[in-house]
Amino acid sequence: MSLLRAINVTKTYANHKALDSVSIDVAPQSIFGLLGPNGAGKTTLIRIINMILAKDQGEILLEGKPIRPTDTRYIGYLPEERGLYKKMKVGEQALYLAQLKGMPRNEAYKKLKVWFDKFEIGSWWNKKVEELSKGMQQKVQFIVTVLHNPKLLIFDEPFSGFDPINVNLLKDEILKLREDGATIIFSTHNMASVEELCDHIALINNSKTILSGEIYEIINSFKSNIFEVIYYSPKELLLKGNDFDIISTVKTNGSFASRVKILNNRSSNELLQQIIPQAEVTAFQEVLPSINDIFIQEVNKSKNE
Amino acid sequence: MNKTLLIIKREYLSRVRKKSFIIMTILGPVLMAATIILPAFLADWSEATKKNVAVLDETGWFFEKFNDQENITFYYITDDLETGKNKAISQKGDLLLYIPRTELNVPVNAQLFSSKQPGLNVTAYIRNVMKTEVENKKLLASGIDPDIIKSTKVNINLATIRIEEGGIEKKSNTEVEVGLSIFAGIMIYFFIFMFGAQVLKGVMEEKQSRIVEVIISSVKPYQLMLGKIIGIALVGLTQFFLWIVLTGVFLGVFQAGIFQGDMPENLMQLGQSGQITEQSVPLNSVDELNKFEMITEIINGINFKIMIFSFIFYFLGGFLLYASLFAAIGGAVDQDADTQQFMLPVSIPLVFSVMMVGVIINQPDSPLAVWMSFIPFTSPVTMMMRIPFGVPIWQIWVSAGLLILGFIATTWLAAKIYRTGILMYGKKVNYIEIWKWLKNKY
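Sequence lines, in order, name chains A and B.
Heads up, the first sequence is in our numbering, so the first residue is 1 and it goes up one at a time.
Heads up, the second sequence is in our numbering, so the first residue is 1 and it goes up one at a time.
You may find that some hints are simply not true.
To be verified - Once the Cα atoms are required to be at most 30 Å apart in a straight line, the calculated DSS-like pairs of lysine-lysine come out as:
hint, chain 1, residue 1, chain 2, residue 2
1, B, Lys416, B, Lys436
2, B, Lys436, A, Lys134
3, B, Lys220, A, Lys113
4, A, Lys134, B, Lys19
5, A, Lys111, B, Lys18
6, A, Lys89, A, Lys128
7, A, Lys65, A, Lys86
8, A, Lys87, A, Lys134
9, B, Lys3, A, Lys127
10, B, Lys416, A, Lys86
11, B, Lys19, A, Lys17
Everything labelled a hint here was simulated from the structure, so no lab data went into it.
Excised from the complex, chain B in its bound form:
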């Protein structure tokens, strides 16, 4: 068997068999599915307990104005405050809404007594009802029919439509794109760093355990370096695919299992059909519906094929570029502490491209964004951030071509540093020293 293949095999197997890999592989999708499902689920769950609210309204403005909600029931009392508190809170464990009498002003102050935290939905609903009621009364006092005002309220739906090449119109939703853009950019950053660090660690382990000379008496140093880099890249891809598959599985399980039964009907519809319905959400409804809708929208708005393909390309390209430099650093230094001075300058472009996320998503076609997606050191993150917004094909070709040239160049450079470095022990390495190594003949 080819020796480089043997090295790739060892690097790959020794990592995917590790406990940390298995834990990450399972935990990642669980967390991802949880961030998608949990907010909606928690909102639903926390409001599942019924709440009764006693209303002590001294103004009389709001009698019979509070309607029973799904989990909130209102009843009206006429006792004084102390008796009311005693009855409602101490004896029944209900909440007490106290609206004190006002002499001159309209009632804008109220107090909600309870023995526990009342919950956002309760306070939001009460505030909403009181606000509408007071506003209506004021309008009437000025001689305006509130119904007229209501009829003048309109909801503007601004649909942004992008005309793609070939004249195909595509409904686009900028929020979805922004969310996806940030997610993709951070994911690729995370993947490059996480697996790049494994290359660094792996090279240092070989140097520190002194096995490296045993191995390079059988294979060429660049075979060892390349085998390690490729092996770890495959580990990264494996993790990526497992995450996609498992996230899908967990999402399915969550939806089927947890929401069965007590899931609100409109949520159920959304979850199953996955269609974005043009629903006008009532003003006073809690935000949970919106949240879930947006998430579903994001999932449906993703062009999975393009996203996954470009993620794989830019992960591999960016990883090969950075991993070879990390391998050179690992080969050059003796101790973990010495890596810092070299790691920092090498990783600055990568960190910079993530820091520019705000600028990129605001102006995905600005010259800065375009240039950053051409330069191989920043292009993986920047291009992944731009792709959800749509990128002209020629730019992708330029970016991809430069990235390939970029990693060929860094690999060539790194191999020179690596093969000298791995045989150097007990020498404090600096940039001048490394410059000399580059000129060594082999």
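So here's chain A without its partners, still in its complex pose:
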């Protein structure tokens, strides 16, 4: 059973349709990437899941049941537009936000101490937020989001404002949270981190889902039978017949790297058989499209439609 399902969710603002019958299906203990260009409707969908906005039509099911306002305590949300009270002390503020999520004060205090130690920020407890750097504030914000052990975590652009070291720290924490049983929805433009972290993705463009599924299935469905071969040879590769088409060849340090597209349902072994007599092959692999390529390709395609 899915942890969260959105079924045909539609939302119209005064002058435009933000979501047009969008459905997503998030499996428990998975990381779900919600992708899409700016203004596609991601934030609207996330806000509807968080009960910040109401949907016009459709259904949101949390563990099979329609979601209720009280369910927000099972959700941890790190919005893209995020901040803290500047004049309030860090510890006091974290306690306040935890209590708003329904945690008892004592429990929140104990857990906060553990997280502050883990992130090595225990000494900030009595500092005002305005005294902290942007990155430090992001750490506090992250802790506040995950403190109440939510079943569902929603991160909107979580890595913005972090340096590479802290991005890795955060990635490790996100993976650890999934291991501990949390389900994560993750919205970002950082495609590298999508490939690295996500199990499933959905691509939203112009208020519609244009692509969704398991990440490797999507990548496989987008591969175009191109293989890259690296070889040593006195001269460039020459392939006979219409079955193989050399797209490009690059010479580096005495070796060649060629990209070959296989046509007419030929197999990669047949390609190798043609190459081996001509050259010494050092590497041979299929070229898979990156999520970035797929994203751009699909968004452009839907734009032209």
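Assemble chain B onto chain A, guided by the hints.
The following block gives chain B in isolation, referenced to the frame of chain A:
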């Protein structure tokens, strides 16, 4: 704990702990006590230095007519002006009153020489004595005994007595009521604006610091808005009560401490017994006594229970009404500069009701005053101005009922604007845009 309560608690504590709140709380009563006490005290203090006046009277009309006063001593010299100046001013540091000889007219011109500012009490006394003396001489010359004139002078005491419901007669003093009316009206205006502005600032701070979305993923937007408004209302009430208590304390301290010893006896009596004595104040006495008497009278004339109760009600009602609109404005705009176009129309009724103070105190029962005390946008200030004059009970009920309906309506309206506005960034907001938000479904 209930989440709205948590929000109220944070809004309240974060404000009462601020330095500015503590300073205001202490400074307000000090200023208030000072405005009550200081004029009387200063008058008393400035006249505490003794002054000697040398009188050089070339007419001879006023010999032995100037009597020594509490702080003024008179002596008479017969030198010429230059010698007199030299002796009295340069050598002794006294004042010199020079009344030059006149050939035909009665002496109406005089000069007072001194090295320092002579002080109002000295000039007032001299003028008074000379005036009485010349008038008496003129009367005598016309064959009229000044004593007869004196005996014809009467003082009219017009006591205005209001018959309240149940036939209880109450001595009323219009000056006291006017003073109180203006004070109450301006106070409520000030409180609504000051704490209303805090709501606006608080909402904008949440929007600008981008914490608002974090919070409304835990609570409903209207809970956040209402929690903030209620929290700040409680701050206002706290400040109000502290002011009342501290003003009382400071008044007591001032009276006990500063006036002890050198306070004139009649003042002392007034200050302690607090009773309004039917004293006929001598014509030539300085006004300080009157001032103090009036102030004491005002304090005693206040029906504190009714004033405080109605202040609390109209502050809360008016504040809730305006604060919700201010919250909507704070939610709608991005930058401080954008608030102006919305703040102005919203605050016009409030400013208008304060501007009408003259009209209201002249005719507290006029149709205009009655209508203004019914309309929720003007009623807090106008009703507070009318209450010292006495308002029929049914009007209070109508006014209170409409005010409650009024703030329910504005809160409902404001909540709609607020919840859309707080999530809008980087959009220039105008009235058409806000009208569209009102139609958004949630």
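Hints, verified against the model:
Using a Cα cut-off of 30 Å, the hinted pair lysine 416 of chain B and lysine 436 of chain B holds, with the two alpha carbons roughly 10 Å apart. Taken as a hint, the lysine 436 of chain B and lysine 134 of chain A pair is broken in the structure, with Cα atoms around 35 Å apart against an allowance of 30 Å. At roughly 28 Å between alpha-carbon atoms, lysine 220 of chain B and lysine 113 of chain A fall within 30 Å of each other, so this suggested pair holds. As the CA atoms of lysine 134 of chain A and lysine 19 of chain B are separated by approximately 27 Å, the hinted pair is consistent with the 30 Å bound.
Using a Cα cut-off of 30 Å, the hinted pair lysine 111 of chain A and lysine 18 of chain B holds, with the two alpha carbons roughly 29 Å apart. Only pairs whose Cα atoms come within 30 Å are accepted, and lysine 89 of chain A paired with lysine 128 of chain A is accepted, the gap being roughly 4 Å. Note on lysine 65 of chain A and lysine 86 of chain A: the hinted pairing is violated, with a Cα-Cα distance of about 38 Å set against a maximum of 30 Å. In summary, the hint linking lysine 87 of chain A to lysine 134 of chain A is supported, as the alpha carbons are separated by about 15 Å, within the 30 Å threshold.
For the hint pairing lysine 3 of chain B with lysine 127 of chain A, the CA-to-CA distance comes to about 25 Å; that is within 30 Å, so the pair holds. For the hint pairing lysine 416 of chain B with lysine 86 of chain A, the CA-to-CA distance comes to about 27 Å; that is within 30 Å, so the pair holds. Of the pairs offered as hints, the one joining lysine 19 of chain B and lysine 17 of chain A is violated, with about 48 Å between alpha carbons and a cut-off of 30 Å exceeded.
When the structure is compared with the earlier hints, violations turn up for hints 2, 7, 11 and for no others.
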